[in-house]
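Enquirer: Here are the chains, one letter per residue:
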Amino acid sequence: MNDPQTGAIELLTFRLAQQEYALNIMCVREIRGWTQATPLPHAPNYMKGVINLRGTVLPVMDLGHRLNLPEQSETERNVIIVVKYGETMMGLLVDAVSDIVQLTSDDLQPPPEAVTSAAESVVQSLTLIDERMIRVLDLSATIDIPESTAA
Amino acid sequence: MSIDNDPMAEIRASYFVECEELLEALQDGLQSIEDGADDVETINVVFRAVHSIKGGAGAFGLDALVRFAHRYETVLDEVRSDRLEIGPRTLKVFFQAADHLSDLVRASRDDAPLPEAETGALLAALDEFLGDAKEPEEEIDFQPMGMSLDLGLEDEEAVPAAEVPDLDDLPPPPPMEPSPTAGIWQIHFAPTAELFETGNEAAILLRNLGELGKMQVTCNLAGLPPLAQLQPEIPHLSWDITLETEAHGREIASIFEFVEGQCLLEIIAWEGTDNGGDVSRAPAESKPAPEVPPSLARAEKPAEAAQPVEEATASAPAAVSGDKGGTARANKQATAAAKSVVRVDLDRIERLVNLVGELVINQAMLSQSLERSGLSSHSDAMNELEEFQRLTRDIQDSVMMIRAQPVKSLFQRMARIVREASSAVGKDVRLQTSGEATEVDKTVIERLADPLTHMIRNAVDHGLESLEDRLVAGKPEQGRITLTAAHRSGRVVIEVSDDGAGINRPKVRQIAVDKGLIPADANLSDSEIDNLLFLPGFSTVSVVSDLSGRGVGMDVVRTAIQALGGRISITSTPGKGTLFSISLPLTLAVLDGMVIEVAGETLVLPLNLVVETLTLDDREVEMVRPGSHVIEVRSGFVPLFDLGAALGYRPPLEKFDNTVVLLIAHEDGSQTGLAIDNILDQRQVVIKGLDDSFYRAPGIAAATILGDGQIALILDPSDIIQSAVRATPRTVTKDEIGVPA
Chain A
52 MNDPQTGAIE LLTFRLAQQE YALNIMCVRE IRGWTQATPL PHAPNYMKGV INLRGTVLPV
112 MDLGHRLNLP EQSETERNVI IVVKYGETMM GLLVDAVSDI VQLTSDDLQP PPEAVTSAAE
172 SVVQSLTLID ERMIRVLDLS ATIDIPESTA A
Chain B
26 MSIDNDPMAE IRASYFVECE ELLEALQDGL QSIEDGADDV ETINVVFRAV HSIKGGAGAF
86 GLDALVRFAH RYETVLDEVR SDRLEIGPRT LKVFFQAADH LSDLVRASRD DAPLPEAETG
146 ALLAALDEFL GDAKEPEEEI DFQPMGMSLD LGLEDEEAVP AAEVPDLDDL PPPPPMEPSP
206 TAGIWQIHFA PTAELFETGN EAAILLRNLG ELGKMQVTCN LAGLPPLAQL QPEIPHLSWD
266 ITLETEAHGR EIASIFEFVE GQCLLEIIAW EGTDNGGDVS RAPAESKPAP EVPPSLARAE
326 KPAEAAQPVE EATASAPAAV SGDKGGTARA NKQATAAAKS VVRVDLDRIE RLVNLVGELV
386 INQAMLSQSL ERSGLSSHSD AMNELEEFQR LTRDIQDSVM MIRAQPVKSL FQRMARIVRE
446 ASSAVGKDVR LQTSGEATEV DKTVIERLAD PLTHMIRNAV DHGLESLEDR LVAGKPEQGR
506 ITLTAAHRSG RVVIEVSDDG AGINRPKVRQ IAVDKGLIPA DANLSDSEID NLLFLPGFST
566 VSVVSDLSGR GVGMDVVRTA IQALGGRISI TSTPGKGTLF SISLPLTLAV LDGMVIEVAG
626 ETLVLPLNLV VETLTLDDRE VEMVRPGSHV IEVRSGFVPL FDLGAALGYR PPLEKFDNTV
686 VLLIAHEDGS QTGLAIDNIL DQRQVVIKGL DDSFYRAPGI AAATILGDGQ IALILDPSDI
746 IQSAVRATPR TVTKDEIGVP A
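Chains as they are written, first to last, in this note's numbering: chain A, 52 to 202; chain B, 26 to 766.
Just chain A, same shape as in the assembly (with noise of 0.2 Å):
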C-alpha cells in the first residue's frame, strides 16, 4: 500500500548476481515462473525475446544484462515479474524474488552521487533491511522506452 499521508511505501525485492534489488509494488502485476522465451531477430542482448502472458504477447527483459551485471546461469527458481508501466507491459527475468517489504519514504536514502554506472543510474534510493542493502529501482528509467514511439 503507498500512502502518500503516512509516506508508507510496499517494495517487492528481488535477487539478480547476489544483490538484492527492489521495485515498488504498485507496478508490479504478476509473477511468473520461467518460461522459454521466442527471441527477437537483432534484438540487444537484454531484450530476452517475448512470451504468451495467457494470449498476449508480452516483451521480456533480462534485468542482469540491463544492468551489466555478471550473467548467471538459468536455474528453476528464475522468475519472470510483470510490471506495468504506462499502457505498456513488460516481463523482467530475474534470478528470485525474496519478499514483500513495507518502508516509510523516511527508510529511503538517494543513491550517492559520485555512483553513476549503468547499474546505479536507475537506481532511485537505497535502503537497509536486516543489515542488508536494496536497491530500489527507478521502473521507466530500467525499461527505458525509446523516443521513437512518441513520434
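These are computed hints drawn from the structure, not numbers from a lab.
Among the hints, a few may not be true.
Some chain B residues near chain A, calculated using beta-carbon distances under 10 Å [unchecked claim]: (1) P251; (2) L289; (3) T729; (4) A737.
None of the values given here were measured: they were computed from a predicted structure.
Here a beta-carbon is modelled for each residue, glycine too, at the ideal position from N, C-alpha and C.
Based on the hints, put chain B in the right spot on chain A.
Expert: Positioned in the frame of chain A, the structure of chain B alone reads:
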C-alpha cells in the same frame, strides 16, 4: 424537448450518425455534379441531404445548424427550380458550405464551440446567389420535424419512428409523374392503440407499402404532446403517404389486411389512376374488412420482424455507398425497401474479433492434441475436427467482413483536404479518386487518415508546382492529384500521386548533407535519394519552406504506416510527378500463414506471398560475390537470401544443398528466394501485435501464438530483404539510411 433526457440523448446520437450518412450523400452528389451530372435527381439528392440535416437539427434545437442549413437549402432550391445555374464558382461555394455543414454537425454533436466567423462568411457567400429571391427570415422558424430513424426500431415506447417528412417538398399534386401503367395513391394511415397491442408495427406496414412502388411518406406530428405528457401506450402519429405504383387498390389494401379495424385508413386514387374498382375515390371511405383473428395477426409478426435482422451488418457500407453518383434515391423513403442496417458499438465487434481469435488458437491446440493422441486421420473425431475448422474459418471471414469498410469516407475527407490546402496556397487542384469501394479494416481506415492527410497536403503544397511554373512546363493550369485504392496480392494498395515537378534530387541530397544525415561524398542512387525524405531529422518545417521538393514529416508518415503493418514507397519522375504507394494488410487480425523452421526457431510467413517452394541442389546456386547468391528458376535468376543469417540466428550457410527455398513475390512483381530449414505447416494464425515501444525487430511484422502455446514471429519478407540489403557492407551510410525510426 430536453436534450439531457436519456431517451432523447439516444435519439440525438442516432441523428448524428445519420447526419454522417447524409453528409456523405451530399459530398457524393456535389462530386457527381462536378463530374458533369446535371440531372434533376442529383440536385434533389443534395437538396434532400441538407434538408434532412436541417429537419433533425430543428428537432434538437440546434439553431446555428438550422440557420446555416436553411440558407444552404434555399440556395439549392434556387438551383432545383432552375433559377440559378451551377457554375464553377457556385460549386466551389457549395463544396465549402458542405464542408462547413459537416463542421457544424460535428461541433453540435460534441458540444464544441461553433465556428461562427466562418458561418458568417459562408452565409454571405450563399446570399450572393440568392439576389432578390432572398427569403424572409421568419421562414427559418419552422416546426420541429420527426427525423428519420431506422425503421427497425421496435421499441414502441420510443417516439415512433417517422420518415423524414419533406413537408414543404410536397406540392399539392405530387411532383411524381405517373408512368403509363402506374397510378398515384394518397393514403392516410392512423394506427390506434389496438394495432400496437396486437403486436403489429406501423413501420413494417409502411415498409411493405414502399415495396409496391415509389413512396413519399409524411408523418403527421400534430397530435404529439410534449415529452413530459407523452403516454407511450397511446399512438399519436399518423401518416400521409403518396404512393406511385402499378399495383391495384386491392393490393394496397391487402397490406393493411391484418390491421383492419385497428386503424384509421383512407386509400384514395389520384386523378387518372385506375383504382381497379376496389377502392373508392371518396376520401372519407374507410374500407371495412373481415375481422382477422388476433392469433393470425400475431403469427405474421415474427416472420416480418425477422426480415430486418437477417441482413447482416456487413451490408452496412454497401447500403450507404449504394447511392453512387447520386442517381439512386438517396432519400430515406427509398431505404424502406433497401437493405436494413444495424448499428453496433465498435467495442462489441472488437470483443467478437478477439473471441474469434481465441477460438482459432483453441482449435489449433485441440487439433494438435488430437493428433498427439494417435487418432487415425479417418476417425470420426478427425472428420468432425475438419468440419469445425471450416466453420471457424467461416466465422472468422464473417467477423472480418463486419469490420471491413469501403475507403470512400476516407477519400471524401481527402477531397476536403485538397480543397482547403489548395485554396490556402492559391493553387488550382483537382483530386481524382478511384477504387473508393475497396474495403479495408475499419481500424486501418481510421489510422490511415492522419498519414494520408499529411501526404495530400504535401502533394498540394510541395508536389505541385506554382501556376507560373506549370505554364512554363507546358502543363495544364489545374494540378492533378490522384488517389487510388485497390486490392493487390492480398494487400490493399493506396497510391497518392501528383503531376507536379517530381523530387528535386540535388536539393534533397544537399539538405541531407547539410543536416549531417549523409556524408558529402556518399554515392546514392536516385531511389536512395528519394528515400532520404523518410529519414527522421530530414524534415523540419523551416527547411521545407524553401525547398521545392517535399518532406514535411514523412518519417512520421512512414512510422504510422509501419505501425499498421504496411510499407510506403516513393517513385518520382522529374517533371512528371511523384507517386507514393502505401501497401497495407487487409486485416489486422488473422493471416493465412506458412509455418517454417529456421535455425531451430519457428516462424510464420504470410502464405499469399509464397509463390513457390523449391528444394535446392547446390548446382542451382550461383555466387555473385561472397555473401550474395542467386538461384536459377526457369532460366531466370532470383536473388537468394539466407533467412537464418538475415535474422541473425546463425552464421550464413556455406552450402545450399537440400536447402528449402521459398519464392516470395513482392508488390512490384519481382521475386526473391528465402533459404529456410523446413516447412512445418500451413494454417491460419491470429495476429498478435508486438509491442515495439522497447524494440522494433527488423523484418518482423507481428507475432502469433501456436497450438503449443509458444509464440512464433510473423515475418515481413520485404522488410527482411530490405534490411539484409542495407546490412551488406558497402558504405556505412547506406546502413544508416534504412534504419527505421
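Enquirer: Work down the list of hints and note, for each, if the structure agrees.
Expert: Checked hints:
1. A distance limit of 10 Å between C-beta atoms decides the matter here; for P251(B) the minimum to chain A is near 47 Å, and the interface restraint is violated.
2. Against a cut-off of 10 Å between C-beta atoms, the interface hint on L289(B) is violated, since the closest Cβ of chain A lies about 59 Å away.
3. Because the smallest distance between the Cβ of T729(B) and any Cβ of chain A comes to about 9 Å, under 10 Å, the interface hint for this residue holds.
4. Taking 10 Å as the C-beta contact cut-off toward chain A, the hint placing A737(B) at the interface holds, the least distance being around 7 Å.
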